[in-house]
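So the sequence lines, in the order shown, correspond to chains S and G.
The first sequence lines up with residues 69 to 375 when you count with the working numbering.
The second sequence lines up with residues 69 to 375 when you count with the working numbering.
Hints are supplied without guarantee of correctness; some may be wrong.
Unchecked claim - Here's a subset of chain G near chain S, in silico, CB distances under 10 Å, partners left out: (1) Cys-113; (2) Thr-115; (3) Asp-121; (4) Tyr-152; (5) Leu-171; (6) Pro-194; (7) Phe-201; (8) Ser-213; (9) Pro-302.
What the hints assert, rightly or not - To be clear about the criterion: a stretch of chain G counts as covered by chain S if any three or more of its residues have a C-beta under 8 Å from a C-beta of chain S, and this derived list gives those stretches: (10) 102-108; (11) 153-167; (12) 177-190.
What the hints assert, rightly or not - List of simulated lysine to aspartate or glutamate pairs, EDC-like, C-alpha gap at most 16 Å: (13) G/Lys-168 - S/Glu-80; (14) G/Lys-76 - S/Asp-163; (15) S/Lys-76 - G/Asp-163; (16) S/Lys-160 - G/Glu-118; (17) G/Lys-368 - G/Glu-288; (18) S/Lys-76 - S/Glu-288; (19) G/Lys-76 - S/Asp-165; (20) S/Lys-76 - G/Glu-118; (21) G/Lys-160 - S/Glu-118; (22) S/Lys-360 - S/Glu-297; (23) S/Lys-172 - G/Asp-163; (24) G/Lys-172 - S/Glu-80; (25) S/Lys-164 - G/Glu-297; (26) S/Lys-168 - G/Asp-163; (27) G/Lys-164 - S/Glu-80; (28) S/Lys-263 - S/Asp-207; (29) S/Lys-364 - S/Glu-288.
Honestly, the hints are just simulated from the structure, not real lab data.
Note that the structure is predicted; figures quoted are calculated from it, not measured.
Note that the Cβ used here is the ideal one computed from N, Cα and C, for glycine as well.
2 protein chains.
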Amino acid sequence: MREFELLKIVEELFGCEEDEELRVPAGSHDAAYIKFGDTYLVLTCDTVNEISDFPPYMSAEEMGEMAVAVTLSDLAACGSSPMYFLSSISIKEADKDFFKGILKGIRNACNRYGVKVAGGDIDFAPHTTIAGFAVGITDKIVTRSGARPGEKVYVTAPLGKAQLCLEMLSSGLGRERLPYPDSLYRPIPRINEGKNIARFAGALTDISDSLAVSLHQIAESSGVRIVLERVKLPLAHLTKYVDQKKSLDLFLYGGGDYELIFTADDRAAQKYGIEIGYVKKGKGVYIQDEDKKLQKVEMKGYSHFDV
Amino acid sequence: MREFELLKIVEELFGCEEDEELRVPAGSHDAAYIKFGDTYLVLTCDTVNEISDFPPYMSAEEMGEMAVAVTLSDLAACGSSPMYFLSSISIKEADKDFFKGILKGIRNACNRYGVKVAGGDIDFAPHTTIAGFAVGITDKIVTRSGARPGEKVYVTAPLGKAQLCLEMLSSGLGRERLPYPDSLYRPIPRINEGKNIARFAGALTDISDSLAVSLHQIAESSGVRIVLERVKLPLAHLTKYVDQKKSLDLFLYGGGDYELIFTADDRAAQKYGIEIGYVKKGKGVYIQDEDKKLQKVEMKGYSHFDV
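When you get a sec, could you build the whole thing from the sequences and use the hints?
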């Protein structure tokens, strides 16, 4: 979790720079909101690289698609409509087919989500890296800090599939035998879901590191406690392959799913998410078992260093 | 120059995507212009890394400053006002002081140019890399394709200083003995110059790879020939240290200066630039010696691989 220590330095240096125009600055949400005429521009950047993000057997096209998906996921977490994408691509050598594959992946993903490719930059480096930058627009600000006691907590789909597959690969299973290969190789940003959810959600964010990390970020920025209900967590997709304990671990701490997590008190929320817990006064993140006993959920998850 | 081969692939895949809204798309200029209400948003990204861009003895703060400078230089090349900066920073390990140095450099440079830091992303990788993204605004589109026969060619300052210093370092000279250390360690984006020049220039771009590369890009996109006049090139800052031939080589093919190059027929241009040649019908880039003999200027320059 060394990344979080570094994020503290970011906050120390840039944290107080909010103003009338830059409404949600660096470090405090998935993306920055900027007042621009009648609307907000939403700006974000995200990087994927072959050391920490590309699983074995990933094709160049899938790398390009992934770069778009993880960057747009930040915009989905703001309920915004993605408009433009740019990327800085670093590759080892001028391998035309490989480079073309990455670009095709970027183009296809951008076409799929109605996003225009507005520019890019090429660099050479010992490892393939794609830094993505996206611009979205929205009329409304929704962040991690709007969770209120009494709301329920929802997630857009069952979690842990990408991490399960990654660990299966590490233990020697081939790509073709993975149960959920698309979770790992072709993550999907929840753009339409984000736009709908933003209309009624208190807090909204995406899950890139882990559910636990996202919940801690919501709890801390909103000044609330979040309690997960063990009995409500959908784990069947995992218990088919691993035991109960490991399934829970993957659900809470696995990375790479790029689903949205949100809090809401509206029954309409059921349409867009699976209820997994609730918000109350206090602080921290807990999980409640069937006997109502509370256990702490740690702030940990997929780290760029851990895999 | 393998980068240019890759740029052809970019053009092949994305080249025709210009439309009413995305006015100057990926690959055709330093940055993309996007019609947004009454104005244009200008979007760009640029990456610097320790393998190809950071000279020996560079401090973490200077790395951060450089990332901002080279990205904003693209916006200067559009005559736009830079507004927001984001960066994806990859570092080897969670070295707090090093990371803080990079961020301070980013903050200081952004403060200096009146740019707000709107976000960022941290990643771990074997080599330090900073991918910068910037958003500017402007009311007018100026690109590489507006050069017209009869115009003169100007550059904002004498060139070759960064490359001279880099080569001096390679041959064993210490940083403290370099004649132009700031050219190498603290490049300055020509933002105010760009805004002024955009009012009257035919074509405008910045020099990142080399004067030769930028001139070829202007000549090709404008469908004109560019002729440099040997006698007009200011070389005294170089001939103090190397011979005439090497000085000319550094001026034409050296990288890292981040000055602006533009074409104009206005006498006002003299205020912002040094006249170095002229535009005529035809194609290609040539240099004319005192006897009016023409020699080809090659499309080459500092490549990310060459140093």
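Practice task
Mind listing which of the numbered hints don't hold for this structure, in increasing order?
Solution key: Per hint list: 8, 9, 20, 23, 25 and 26 violated.
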